[in-house]
Amino acid sequence: MNNKIVLLVLQVLVAVVGITLWHLASTTSLFGSPKTVAFFFGEPLSVWKRIVEWFTDGSIWYHLWITLAESALAFLSGAVGGVILGFWFARQPVVAAIFDPYVKAANALPRVVLAPIFALWFGLGIWSKVALGFTLVFFIVFFNVYQGVKEVSPAVLSNARMLGMNERQLLRHVYLPSAMSWVFSSLHTSVGFAVVGAVVGEYLGSSAGLGYLIQQAEGVFDVTGVFAGMFVLMAFVLIVDWLMTAVERRLLVWRG
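Going by the working numbering, the letters in the sequence shown line up with residues 1 to 256, in that order.
Treat the hints as calculated values from the structure; they're not laboratory data.
This structure is a prediction, so every number in the text was calculated from the model and none was measured.
Where a beta carbon is used, it is the ideal one built from N, C-alpha and C, also for glycine.
Heads up, simulated SDA-like pairs for lysine to any residue below, C-alpha to C-alpha not over 20 Å straight-line:
1. 4 <-> 244
2. 4 <-> 250
3. 4 <-> 249
4. 150 <-> 93
5. 104 <-> 135
6. 49 <-> 220
7. 150 <-> 184
8. 150 <-> 91
Simulated restraints on C-beta separations:
9. 39 <-> 246: 37 to 47 Å
10. 188 <-> 12: 13 to 23 Å
11. 188 <-> 41: 22 to 32 Å
12. 92 <-> 14: 43 to 53 Å
All chains, please: the whole structure from these sequences, using the hints.
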């Protein structure tokens, strides 16, 4: 417990030092012209006031809900698809060998290039953002699950088969426990990428969401609004990641 408290204090200290330096740079001549710094980076107090204003008048909640819905749909669809195909490819070497170049080629496509195509196919509504987030989440989960299943010890598999386990029992008692750590490792990363996909899609074309807020602020050179949107986005991702960690600890309690 003491180590956790010390770690938390150090993490908070890093944020305090960073914000203090930012405040000094934008309000004093310690690092040069404060007006120039404030023009490009804003001021911490102004950013904080903007965030408080958004939450006080309630205007931020609708945008948060839109981004959350897009991110959740992208995350769930990408994670489920990645887990299913990852297991299937790992258990079917011939299928994996046939589709290997196509999977790698699809993963190599720049997602920013895909965003306008998805907007053309699915419109500027929620589904173009979900599709973009899906492409980011799917491949992360797919490759981790595939590797996790492939890492199962041959000795453990041989012993399990000697005990008479069928394929269904092997999946439940051998493959899933082995791949679970890989799965949650990929899900931690995927949470952030699901949000990135949604926000990038909103930034390129939408009428609501955190990406829309940031794009609107950037369009009128409102640096304070841009940084306020980015801080809300970071807090949003941290909360979602914390929830993912709680679920992981619950499901992997056997790992000790």
